[in-house]
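Undergrad: The chain contents come next:
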Amino acid sequence: MRETELKILFPTEKLDALRFFMGKKELTVEQELKDYLHKTYEKVVPTHVREYVESKLDQASLQEETSEQRAQEQQPEPQRERQSRQTRRQREQAVAESATLSSQARQPEPPEEPEESQGISMSM
Amino acid sequence: MKQATLQIKFDEEKLNAIKQYMGKKDADLQTELDDVMQKLYEKHVPAPVREYIESRDSRVQEKPKRPSRPSSTAAANNDSNTTV
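Protein chains in written order, with my numbering: chain R, 1368 to 1491; chain E, 1164 to 1247.
Please note that the accuracy of each hint is not assured.
[Stated by the list, open to error] Below, computed lysine-lysine pairings styled on BS3-like, alpha-carbon distance capped at 25 angstroms: (1) R:Lys1423 <-> E:Lys1172; (2) R:Lys1374 <-> R:Lys1410; (3) R:Lys1406 <-> E:Lys1165; (4) R:Lys1391 <-> R:Lys1410; (5) R:Lys1374 <-> R:Lys1406; (6) E:Lys1187 <-> R:Lys1401; (7) R:Lys1391 <-> R:Lys1401; (8) E:Lys1165 <-> E:Lys1188; (9) E:Lys1206 <-> E:Lys1187; (10) R:Lys1423 <-> E:Lys1182; (11) R:Lys1406 <-> E:Lys1188; (12) E:Lys1172 <-> R:Lys1410; (13) R:Lys1410 <-> E:Lys1188; (14) R:Lys1401 <-> E:Lys1182; (15) E:Lys1187 <-> R:Lys1391; (16) E:Lys1188 <-> R:Lys1392; (17) R:Lys1392 <-> E:Lys1206; (18) R:Lys1410 <-> R:Lys1423; (19) E:Lys1165 <-> E:Lys1202; (20) R:Lys1401 <-> E:Lys1188; (21) E:Lys1165 <-> R:Lys1410; (22) R:Lys1391 <-> R:Lys1423; (23) E:Lys1172 <-> R:Lys1406; (24) R:Lys1410 <-> E:Lys1187; (25) E:Lys1206 <-> E:Lys1172; (26) E:Lys1187 <-> E:Lys1165; (27) R:Lys1401 <-> E:Lys1202.
Hints are computed from structural coordinates only; laboratory data are not their basis.
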C-alpha cells in the first residue's frame, strides 16, 4: 500500500497549545486529521469508486504479503543453523548428563574391587 | 508567527480520489485541512489561552516597527536647523 505525505502549515505557538490540550485527552492532531481524511473519503468519493480503489489496495497488500513470504522462504538457512545449534547444545547437554550418570555409576565400583580380589584370593 | 509543518501519511490512491471528487465540487483539500486545524484549535484550546497567544503574537508583530535611531537623530538635527 503506497502512502503519501501531506504537509499542513500551522502557527507553531498555536500548534504547541493544541498538542498540549489534546494530549490531556489522549488525542493527537495527526490522528484527528487522518480521521477527517477517512470521513471525507467516505463522504466525497462515490461507493463504487471506493470499492474499486479498495480492491486495488487489497491486491497490492496481497502481493506484498506473498513477496514477504518468498523472501522468508529464500532465507531459511539461519533458522536451520539455529536449529542445529540447539541440537548441538542438546547433544552437549546429553553428553554432559551421560558423563555424570556414568561417573555416578562408576562410584559404587571401588567397593566391588576388593570383593573380586577376595574372590580371587578365595579361589587360590 | 512562525509556522510549523505537520506531516500526515495517507494512502496515495485514496488521497487522489478525494482530491478529484473535491475538485468537482470546487473544494480544495488544502484549504479544508487548514479549516480543520483552525476548528480543532478552537475546540480544544480554551478561549483564555487563545487570547493570550494572539495578544503575544500581536505584541511580537508590533515590536519591529520602532523607528531606527540614526533617522530620528537626523530628523532632530533637521528640526534644530529649521528653528535656528
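Undergrad: Work down the list of hints and note, for each, if the structure agrees.
TA: Hints and how they fare:
Between the alpha carbons of lysine 1423 (chain R) and lysine 1172 (chain E) the distance comes to roughly 19 angstroms, so the proposed pair stays at or under 25 angstroms and holds. Proximity of lysine 1374 (chain R) to lysine 1410 (chain R) is assessed by CA-CA distance (about 22 angstroms); at most 25 angstroms being required, the pair is judged to hold. Simply put, lysine 1406 (chain R) and lysine 1165 (chain E) have alpha-carbon atoms about 30 angstroms apart, too far for the 25 angstroms limit, and the pair is violated. About 30 angstroms separates the Cα atoms of lysine 1391 (chain R) and lysine 1410 (chain R), which puts this hinted pair outside 25 angstroms; it is violated.
About 19 angstroms separates the Cα atoms of lysine 1374 (chain R) and lysine 1406 (chain R), which keeps this hinted pair within 25 angstroms; it holds. A threshold of 25 angstroms between alpha carbons decides the hint, and for lysine 1187 (chain E) with lysine 1401 (chain R) the separation of about 22 angstroms falls inside it, so the pair holds. The straight-line distance between the Cα atoms of lysine 1391 (chain R) and lysine 1401 (chain R) is roughly 19 angstroms, inside the 25 angstroms bound, and the hint therefore holds. Of the supplied pair hints, the one linking lysine 1165 (chain E) and lysine 1188 (chain E) is violated, its CA atoms being roughly 32 angstroms apart against a limit of 25 angstroms.
Straight-line distance between C-alpha atoms of lysine 1206 (chain E) and lysine 1187 (chain E) comes to about 29 angstroms, which puts the hinted pair past the 25 angstroms bound. Note on lysine 1423 (chain R) and lysine 1182 (chain E): the hinted pairing holds, with a Cα-Cα distance of about 18 angstroms set against a maximum of 25 angstroms. At roughly 16 angstroms between alpha-carbon atoms, lysine 1406 (chain R) and lysine 1188 (chain E) fall within 25 angstroms of each other, so this suggested pair holds. With a C-alpha separation of about 20 angstroms, the suggested pairing of lysine 1172 (chain E) with lysine 1410 (chain R) holds against the 25 angstroms cut-off.
Only pairs whose Cα atoms come within 25 angstroms are accepted, and lysine 1410 (chain R) paired with lysine 1188 (chain E) is accepted, the gap being roughly 12 angstroms. At most 25 angstroms may separate the alpha-carbon atoms for a hinted pair to count; lysine 1401 (chain R) and lysine 1182 (chain E) meet this at roughly 15 angstroms. Distance check on the hinted pair: lysine 1187 (chain E) and lysine 1391 (chain R) sit about 39 angstroms apart at the alpha-carbon level, beyond 25 angstroms; violated. Note on lysine 1188 (chain E) and lysine 1392 (chain R): the hinted pairing is violated, with a Cα-Cα distance of about 34 angstroms set against a maximum of 25 angstroms.
As the CA atoms of lysine 1392 (chain R) and lysine 1206 (chain E) are separated by approximately 12 angstroms, the hinted pair is consistent with the 25 angstroms bound. Only pairs whose Cα atoms come within 25 angstroms are accepted, and lysine 1410 (chain R) paired with lysine 1423 (chain R) is accepted, the gap being roughly 20 angstroms. The hinted pair formed by lysine 1165 (chain E) and lysine 1202 (chain E) meets the criterion: a straight-line CA distance of about 19 angstroms does not exceed 25 angstroms. With a C-alpha separation of about 21 angstroms, the suggested pair lysine 1401 (chain R) and lysine 1188 (chain E) falls inside the 25 angstroms cut-off, and the hint holds.
Between lysine 1165 (chain E) and lysine 1410 (chain R) the CA atoms are separated by roughly 34 angstroms; this puts the pair beyond 25 angstroms, and the hint is violated. With a C-alpha separation of about 38 angstroms, the suggested pairing of lysine 1391 (chain R) with lysine 1423 (chain R) is violated against the 25 angstroms cut-off. A distance of roughly 15 angstroms separates the Cα atoms of lysine 1172 (chain E) and lysine 1406 (chain R); the hinted pair therefore holds under the 25 angstroms criterion. At roughly 13 angstroms between alpha-carbon atoms, lysine 1410 (chain R) and lysine 1187 (chain E) fall within 25 angstroms of each other, so this suggested pair holds.
Pair hint lysine 1206 (chain E) plus lysine 1172 (chain E) holds up; C-alpha atoms about 23 angstroms apart against a cutoff of 25 angstroms. Under the criterion of a C-alpha separation no larger than 25 angstroms, the hint pairing lysine 1187 (chain E) with lysine 1165 (chain E) is inconsistent with the structure, at around 33 angstroms. In summary, the hint linking lysine 1401 (chain R) to lysine 1202 (chain E) is supported, as the alpha carbons are separated by about 15 angstroms, within the 25 angstroms threshold.
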